[in-house]
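Student: Quick mapping for you: the protein sequence lines, in order, are chains D and G. Just so we're aligned: 117 in this note's numbering is position 117 of the first sequence, and the numbers increase by one with no gaps anywhere. Just so we're aligned: 155 in this note's numbering is position 155 of the second sequence, and the numbers increase by one with no gaps anywhere.
In case anyone wonders, no lab produced these hints; they're calculated from the structure. We put the CB at the ideal spot given by N, CA and C, even for glycine. A couple of the hints might just be wrong.
Listed below are the simulated DSBU-like cross-link pairs for lysine-lysine, each with C-alpha atoms no more than 30 Å apart in a straight line [as the list claims (entries may be wrong)]:
1) G:Lys67 / G:Lys119
2) D:Lys111 / G:Lys62
3) D:Lys80 / G:Lys14
4) G:Lys119 / D:Lys111
5) G:Lys304 / D:Lys80
6) G:Lys14 / G:Lys304
7) G:Lys67 / D:Lys82
8) G:Lys62 / G:Lys208
9) D:Lys5 / D:Lys111
10) G:Lys62 / D:Lys65
11) G:Lys14 / G:Lys119
12) G:Lys14 / G:Lys208
13) D:Lys111 / D:Lys80
14) D:Lys5 / D:Lys65
15) G:Lys67 / G:Lys208
16) D:Lys82 / D:Lys185
17) G:Lys67 / G:Lys49
18) D:Lys5 / D:Lys82
19) D:Lys65 / D:Lys82
20) G:Lys14 / G:Lys62
21) D:Lys80 / G:Lys291
22) D:Lys82 / D:Lys111
23) D:Lys111 / G:Lys291
24) G:Lys62 / D:Lys82
25) D:Lys185 / D:Lys80
Computed list of chain D residues with no C-beta within reach of chain G, every gap over 12 Å [unchecked claim]:
26) Arg37
27) Ser50
28) Ser57
29) Arg123
30) Pro200
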Amino acid sequence: MLYAKNISKFYQGAENPAVRDVTLTVRQGDFLSITGRSGSGKSTLLHVLSSLIRPDSGSLLLEGKDIACATDRERTRLRKEKFAVVFQQHHLLPYLSALENVLLPFLDTVKPVGERELASARRMLEQVRLAGREGSRPGQLSGGEQQRVAIARALAGGARVLFADEPTGNLDSATGEAIIALLQKLNHEGLTVVMVTHNPEFARCGNRAVTMADGRLA
Amino acid sequence: MNIFTIPARHIRRKWLRSLMLAAVFTLGLASMVGLYQVSTQVADNLERKLISYGANILVTPKRETLKISYGGYDLGDVAIEEHVIDLAAARRAIDGIALRGNVAVIAPRMLATARVDGKSIALVGVDFTSELELKGYWNVDGAFPASNERGDILAGGVAAEKLRLRVGQILSVNGQDLRISGVLNLTGNDDDTVLFVPIQVAQTLAGKPGQAAFLEVAALCSGCPIEDIVNQLQAALPDADVRALAQVAETRMYAVHFVQRLAFSVSLVILVTACAMLVMSMLSAVAERRKEIGIMRAVGFSRKSVFMVFVAEALSLGALSGAAGYALGQCLAVYVLDQLHLVEETRFVFDPAALGGLVAVAALMAGLAAAFPAWRATMVEPAEALVAL
């Protein structure tokens with residue numbers, strides 16, 4: 001499904017590349033965990049795979065098409081239609097309700113959100129067990145609930161691959177486990193999940209795991 | 001829910017900040033509206049006061065002349081027919097023009113000559129009421145003629161000296177007894193050498209009852225060019241020559257326009273300052289909201305959509321400020337005019353078209369002011385914005 005070949009990424013001012021010559025395949029239905037120490041380049045690799053940033057070299061094939069050199073517009077469309085990203089800090093807009101946050105991917109035009117999108121957003125909130133909390137603002141939700149809203153938002157647009165960057169990093173262990181269980185459930189329903197985590201226990205929850213060190217796959 | 005939900009919710013959440021920003025813009029716009037109203041009413045009032053320094057349009061009857069030359073000798077032009085102006089018909093015609101509201105004073109004149117104590121003197125028949133409106137600079141020993149009917153005379157300074165006229169003296173003019181009600185202080189112009197009499201007296205002496213030799217018209221030109229008024233008068237009075245006394249009009253309008261230009265310049269400075277504050281505020285908002293921009297970009301917002309979010313917020317604040325600025329500006333103008341006694345009568349002017357125009361212009365200006373910060377917002381890379389926080 002997604003094939004990264006010899007991917008490298010340099011950051012300006014850094015002595016070494018954050019990601020160096022990484023080749024990796026993500027197959028449809030995978031739950032791929034990427035682990036490694038802090039600064040090992042796992043988050044950068046996730047951002048490259050999710051087209052949040054461009055690699056400096058290498059190719060990134062999505063269903064046979066190289067998206068490494070895609071234009072900003074093409075990458076935006078990918079993030080809207082095929083990929084979804086969940087971050088460690090759930091990154092919800094604080095002035096929107098839970099439902100509005102889930103609908104955020106649809107709020108990018110003057111065209112009002114349709115009934116279908118609204119129903120999909122409500123369904124996603126139900127799926128992450130937040131039915132009845134549609135009107136709550138992020139500040140009124142716990143950390144775990146906020147992360148579940150972020151996951152619902154990621155999935156409301158019908159993404160086929162979910163990229164999760166340390167989704168349990170800011171949560172207590174019980175809530176973290178609940179989030180992992182939710183990701184597993186979604187994966188069993190057909191969603192491809194690529195997750196960065198520094199927690200080896202959570203890394204084992206996926207069907208595949210890779211480890212990064214010094215920007216390379218170990 | 002659509003893209004406008006985001007700026008609407010943001011304004012609601014950051015209501016104090018939004019209110020402060022709108023207040024700054026509102027104050028700028030209110031100052032503009034207030035200054036405009038004050039300057040318009042002051043200029044209007046000033047122009048009405050300037051009328052007392054003379055007319056700016058002259059209406060004279062058309063003259064038909066014949067050029068006479070014979071055998072190579074040029075004998076010059078000879079007037080073969082001299083028209084006069086039918087006063088009642090002329091007044092009716094002037095009342096019918098579209099810009100009648102701009103015609104402030106119509107002062108008819110009839111010229112005649114008479115012999116006083118064996119000396120020839122020029123009499124100028126006037127309507128004293130309109131004449132005094134045009135000659136605010138006249139100073140008189142004695143009194144101005146109280147009415148046109150009583151047959152009072154106002155003597156020019158030089159004429160009074162030569163004829164040894166005194167206030168209260170009864171003068172026999174071609175057999176009619178007229179009383180000298182006042183003697184003009186020297187003006188330095190033609191007014192010094194003539195006697196002003198009621199127009200009916202001059203009409204009788206000239207044998208032209210109901211006629212006028214010419215009309216002096218004082219027109220208000222702040223609302224429209226004097227040429228428009230002249231053209232309309234000319235169309236209404238085809239048997240007369242109507243011409244603007246260009247220098248008088250220009251001098252008068254210079255003072256009026258000076259007031260308006262001053263107000264416009266100050267308004268412009270205020271508006272530019274308000275816009276600059278809006279730009280600064282939006283720039284700082286972009287810096288503060290990098291994370292939000294990153295979130296929007298990460299979930300699939302295009303650069304255009306992010307741009308729209310910021311511009312829509314500025315447009316909303318601009319439109320709101322436009323409406324509030326209009327209302328506040330009107331109140332400000334009434335208060336200032338009232339407190340400073342700049343005009344005789346202050347009035348609250350509500351013009352729905354002006355309100356709509358100001359709302360549209362304010363929204364547009366706010367949108368333009370936000371364009372650069374909004375463009376900066378679109379340059380934010382999602383990963384950089386989100387990872388940095």
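Student: Determine for every hint whether it applies to the structure shown.
Tutor: Hints, verified against the model:
1. G:Lys67 / G:Lys119: Not satisfied, since the Cα-Cα distance of roughly 34 Å exceeds 30 Å.
2. D:Lys111 / G:Lys62: Cα-Cα ~70 Å, so violated.
3. D:Lys80 / G:Lys14: Given pair D:Lys80, G:Lys14 holds - Cα atoms ~28 Å apart, limit 30 Å.
4. G:Lys119 / D:Lys111: Violated - the C-alpha atoms of D:Lys111 and G:Lys119 are around 93 Å apart, more than 30 Å.
5. G:Lys304 / D:Lys80: Holds, at about 14 Å.
6. G:Lys14 / G:Lys304: OK: G:Lys14 and G:Lys304 at ~23 Å, within 30 Å.
7. G:Lys67 / D:Lys82: Since the Cα atoms of G:Lys67 and D:Lys82 sit roughly 96 Å apart, the hinted pair is violated (cutoff 30 Å).
8. G:Lys62 / G:Lys208: holds, 16 Å
9. D:Lys5 / D:Lys111: Roughly 39 Å separates the two Cα atoms, so the pair is violated.
10. G:Lys62 / D:Lys65: violated, 90 Å
11. G:Lys14 / G:Lys119: With a Cα-Cα distance of about 89 Å, the restraint between G:Lys14 and G:Lys119 is violated, given a limit of 30 Å.
12. G:Lys14 / G:Lys208: violated, 80 Å
13. D:Lys111 / D:Lys80: holds, 16 Å
14. D:Lys5 / D:Lys65: This hinted pair holds, its Cα atoms lying about 13 Å apart.
15. G:Lys67 / G:Lys208: holds, 27 Å
16. D:Lys82 / D:Lys185: The given pair, whose Cα atoms are some 19 Å apart, holds under the 30 Å limit.
17. G:Lys67 / G:Lys49: violated, 44 Å
18. D:Lys5 / D:Lys82: OK: D:Lys5 and D:Lys82 at ~20 Å, within 30 Å.
19. D:Lys65 / D:Lys82: holds, 14 Å
20. G:Lys14 / G:Lys62: violated, 73 Å
21. D:Lys80 / G:Lys291: The given pair, whose Cα atoms are some 18 Å apart, holds under the 30 Å limit.
22. D:Lys82 / D:Lys111: holds, 21 Å
23. D:Lys111 / G:Lys291: Given pair D:Lys111, G:Lys291 holds - Cα atoms ~25 Å apart, limit 30 Å.
24. G:Lys62 / D:Lys82: violated, 87 Å
25. D:Lys185 / D:Lys80: holds, 22 Å
26. Arg37: Consistent with the label, D:Arg37 stays out of reach of chain G, its closest Cβ about 17 Å off (over 12 Å).
27. Ser50: For D:Ser50, whose nearest Cβ neighbour in chain G is about 9 Å away, the distance does not exceed 12 Å, so it is violated.
28. Ser57: D:Ser57 is indeed farther than 12 Å from all Cβ atoms of chain G, at 18 Å.
29. Arg123: holds, 17 Å
30. Pro200: holds, 23 Å
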